[in-house]
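Asks: Take a look at the letters that make up each chain.
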Amino acid sequence: MNSAALSGRAAPPGEDPVALAWQALKTVEDPELPALKIVDLGLIRFVRLRSDGGLEVGLSPTYVGCPATEVIRRGVEQALCSAQLGDCVVTEVLSPAWSSDWITAAGRQKLQMCGIVPPERTVANMREVLRADRPPACPRCGSADTECLSEFGSTPCKALHRCRACLEPFEYFKCI
Amino acid sequence: MSAVTADAHALFRYVLRLGDLSLVLGQRLGEWVGHAPALEEDLGLANIALDLIGQARLLLSYAGEIEGRGRSEDDIAYLREQGEFLNAVLAEQPNGDFGQTIVRQVLIDAFQLELYERMSASTDERLAAIAAKSVKETRYHLRYSGGWLVRLGDGTESSRALVQSALERLWPYTVELFAEDDLDRAMAERGAAPRLADVHAAWTIRLDEILAQATLTRPVDRPQSRHGKRGQHSEHLGYILAEMQHLQRTYPGARW
Chain H
1 MNSAALSGRA APPGEDPVAL AWQALKTVED PELPALKIVD LGLIRFVRLR
51 SDGGLEVGLS PTYVGCPATE VIRRGVEQAL CSAQLGDCVV TEVLSPAWSS
101 DWITAAGRQK LQMCGIVPPE RTVANMREVL RADRPPACPR CGSADTECLS
151 EFGSTPCKAL HRCRACLEPF EYFKCI
Chain V
177 MSAVTADAHA LFRYVLRLGD LSLVLGQRLG EWVGHAPALE EDLGLANIAL
227 DLIGQARLLL SYAGEIEGRG RSEDDIAYLR EQGEFLNAVL AEQPNGDFGQ
277 TIVRQVLIDA FQLELYERMS ASTDERLAAI AAKSVKETRY HLRYSGGWLV
327 RLGDGTESSR ALVQSALERL WPYTVELFAE DDLDRAMAER GAAPRLADVH
377 AAWTIRLDEI LAQATLTRPV DRPQSRHGKR GQHSEHLGYI LAEMQHLQRT
427 YPGARW
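Residue numbers (our numbering), protein chains in the order written: chain H, 1 to 176; chain V, 177 to 432.
Do not rely on the hints blindly, as some may be mistaken.
To give an idea of the chain V side of the interface with chain H (calculated C-beta under 10 Å), a few residues [claimed, not checked]:
no.	residue
1	GLU217
2	LEU221
3	ASN223
4	ASP227
5	LEU228
6	ILE229
7	GLN231
8	ARG233
9	TYR254
10	LEU255
11	LEU289
12	ALA305
13	MET420
So these bits of chain V aren't anywhere near chain H, every CB distance computed over 10 Å [unchecked claim]:
no.	residue
14	ILE242
15	ASP250
16	GLY323
17	THR393
Note that these hints are calculated values from the structure, not bench results.
For every residue, glycine included, the Cβ atom is placed at its ideal position computed from N, Cα and C.
For reference, chain V alone in the conformation it holds in the complex:
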């Protein structure tokens, strides 16, 4: 591979990581439509899902252009196999109860907020534009999810126990978000993406503020080896894809 194509391939994979995180989380949140505890939460979760799918569309279209093989956002979303999805596995974890959904959302919203804020200054103009657009919406996502975490954590004994146990369960998955590998490093060196260590430091401060307000205890970091960013997923992703891709797999090329 020439240097140019190796660079393009690295950027392609990096953009897929970002796009898949939003796509899979958006798809998960969509499962709440019609099932949320109240109409307001149904609308809130659906609106956040829409924003995430919107981000995924921009990112996956860009990935298709970088790849240069004529694949559209839809081809990339609907016609890839599980091992080709590069999202961190936290995004695909089941919704569980409303509290668990909120915990997962706070963890990822805060990650995307700190990541996009820094990526707005990316040397890659397209990534900078997508990040600058997305960060504004992400602030509202975190305002929603963080607000709920505070109410549930600082709520009744039972709501507090539910979100604390969801936090214990999901916390280990956050390690992967910040585990810098060769691809993350290469993108940071090119100035296309921020250093994950910087994102992690800012994320921790933000999380600690929310957890303190919510009277919740931050779980201890334990070493974890999750490799969704390399395409090795939990058993949950396959079920998400079966539902999301069913129509295009059954009726290839079907359009609205």
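Bound-form chain H, shown alone:
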């Protein structure tokens, strides 16, 4: 586990620092999916008070090689610093591994709104990933007549598809 310590002015008396930290974390964006906050993706695993009174935030990477991971981490650190919540530690949480099942309902809705089809399967079906599956329906016209153009799209978490009916390309957030 990697941890980075930050220090700052302590939380104002009478306020719950954990709740304040969650408030601050809700502002952090995913640089690859600017419409979504990282809490929509379920990347924050926990916020807790340590015995020394400092805060600890657990953060998970989506893909191990995702270049956005470092930017997200800096975003989390900055949000916590500017919320002035005293000493904070950001801990990388690898286990259990992040899953697309943890994208919240609000997150799925936001993905839809920017033309990205949210994962259609749950991780319980991961073994079926190796079998060719039914491509997702087009998020624009709803047609089921779509094809996969590329298993890896603009980021590792998305595949690139095209609708054969309206001819528009669209992205699919892979189940992982």
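Here the structure of chain H is known, so what remains is to put chain V in place on it, guided by the hints.
Replies: For chain V alone, coordinates are given in the frame of chain H:
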């Protein structure tokens, strides 16, 4: 050496084997960036390379912690000599044409898939966590590489001939992946790693399924003595390291 340090040393070497396999293969795939047959394949190979480098980072950081001499993932990747790399030599074989890259990828993706799936239950918590994370991504790697092998094998006469000959050329290197030595055995006995015989059996079934769909013929196993896992490499690794390590060797400690 005390029993504890001997155990730690064995684990260190085992984790390097896994990390180096991903690192060297990731570096090889990176050579395709800007050169792949189509933009989609450029992105696909680059994304797989990124995942592999991500796995290597987790594994090499862990190796550095086990070793306890303060070496970081970067020190281990950039400042070791060729003989200290412990990847199986299959990973360092040249890209060749797209078909040969795909064949190498299928062979290693299927190996990593079967290995990581079992290693998710490792008694070593850290290895279990890294394996459970990596196996999810590896499924997509195999879906990509296996899909391409089927299209090329069951494609034109010329694409089929190219991938069949790449398969003949690379197949002998797979023997080393499954050749269990004292270190593999010790890790399996501790429950830290699966038995390679189990991984081999599952790998063979998976490969046979893909090869059948691709209408390709599985080459015959021939005894081979490759010892990349002990640090004895083909001539290709030196060139990879020269490129990968050049910057850190020339400007020690350089940072982004």
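Asks: State the violated hints by number, sorted upward, taking the hints as numbered earlier in the document.
Replies: 9, 10, 13 and 16
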